[in-house]
Every structure is written in C-alpha cells, then in structure tokens.
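Protein chains: 2
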Amino acid sequence: MAKSIFYHAGCPVCVSAEHDIINLIGKDNVEIVHLGEERNKIDDAEKAGVKSVPALVTPNENVLHINFGASIAEVKG
Amino acid sequence: MAKSIFYHAGCPVCVSAEHDIINLIGKDNVEIVHLGEERNKIDDAEKAGVKSVPALVTPNENVLHINFGASIAEVKG
Chain Z
1 MAKSIFYHAG CPVCVSAEHD IINLIGKDNV EIVHLGEERN KIDDAEKAGV KSVPALVTPN
61 ENVLHINFGA SIAEVKG
Chain P
1 MAKSIFYHAG CPVCVSAEHD IINLIGKDNV EIVHLGEERN KIDDAEKAGV KSVPALVTPN
61 ENVLHINFGA SIAEVKG
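Top line first, the protein sequences correspond to chains Z and P. Numbering of the first sequence is given in the working numbering, commencing with residue 1 and proceeding in unit increments. Numbering of the second sequence is given in the working numbering, commencing with residue 1 and proceeding in unit increments.
So that you can see chain Z by itself, here it is in the shape it has in the complex (with noise of 0.2 Å):
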C-alpha cells in the first residue's frame, strides 16, 4: 500500500492527532511531515489541498482534515 502523508505544525491538536492516526493505520503506512520545520513542503500540501493542519493525505489522494489544529495560511506566518 502507498503511504499516507500526514501534515501538521506542531500544534497540540496536530500531535494528539499524530499519535491516533500512527495508532490506527501503523507508524509504517503513514509519512509525518511537520511543516513549521520543513517549510519547503508547504507547496506540496497547498498543491495536495491541504488547507489547515493536522491533515492526512491518502493514497488515492483524498486529503482528510482531522480536528482543527491550524489554518495553512497561519502555518506560512
């Protein structure tokens, strides 16, 4: 199975969210991108339809927003 993209910035939200979602689908299957840290990637989930954080993007490219933790334009600052 492809790998899930999970999107957050550090938020409580994001990281409560972090720890269900890697408890219900496997540390294995799901890529963490934490992108206050890794900024470059913010194109990526805008590009993805990402619009607030924590978000989990699946393999067939359905993007979940889970809770509300951030919007993307808070997270670009």
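Hints should not be assumed to be uniformly reliable.
Which copy? The list can't say, so a pair holds if one copy fits it or any two copies do.
[Stated by the list, open to error] Simulated pairs of lysine-lysine, DSSO-like, Cα-Cα distance not exceeding 30 Å:
id	residue 1	residue 2
1	51	76
2	47	76
3	3	27
4	3	47
5	51	27
6	76	27
The set of hints was computed from the structure by calculation and includes no laboratory data.
Starting from the structure of chain Z, add chain P where the hints point.
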C-alpha cells in the same frame, strides 16, 4: 485492538470519508454507525464528544472530526 466507531449521516462528505477510513484502518477495525438511521445512537455519539459528522471515535476514546459534513444539531433536525 478495540474497534473504532465511525459516525456519519449519509452525506456525500461522510461517504467519501467512510471509504477512506475503511481503506486505511480496515473494515474489521471500525464499526460504522449511520446516525440518520440509528437515531437512538445520537446520544452515545454526543457523550463521546462528537460535534459533527463524519467523526471517528478511536479505541482510546479520542474523537477525530474528519472534514465537515453536518453538525450534530443538523443531524437531530
């Protein structure tokens, strides 16, 4: 592993998220509850902290609100 519970109300956003969740965590690991059809479970969902659907309640009782289909108030009608 205890099952997660996926609450939805039949809306297009819900159905799309349901497919994604089943693909990600496996059909056997999630109980699907359609609150429009199983209205007696709306109370359980609210007690679990579900504010909108679709939402996934994890085995450790965290609530992941996924995208946004409808508020619980709208589901109650």
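Hints, one by one, checked against the model:
For a Cα distance limit of 30 Å, the shortest separation of residue 51 from residue 76 qualifies both inside one copy, at 12 Å, and across copies, at 28 Å. Within a single copy, residue 47 and residue 76 get their C-alpha atoms as close as 14 Å, which meets the 30 Å cut-off; across copies the closest is 36 Å, which misses it. For a Cα distance limit of 30 Å, the shortest separation of residue 3 from residue 27 qualifies both inside one copy, at 10 Å, and across copies, at 18 Å. Taking the shortest Cα distances, residue 3 and residue 47 sit within 30 Å of each other inside one copy (17 Å), while across copies they are farther apart (33 Å).
Both within a single protomer and between protomers do residue 51 and residue 27 lie at most 30 Å apart by alpha-carbon distance, with minima of 24 Å and 28 Å respectively. With identical chains, the CA atoms of residue 76 and residue 27 are at most 30 Å apart within one copy only, with a shortest distance of 27 Å there and 37 Å across copies.
In the structure shown, no violation is registered for any of the earlier numbered hints.
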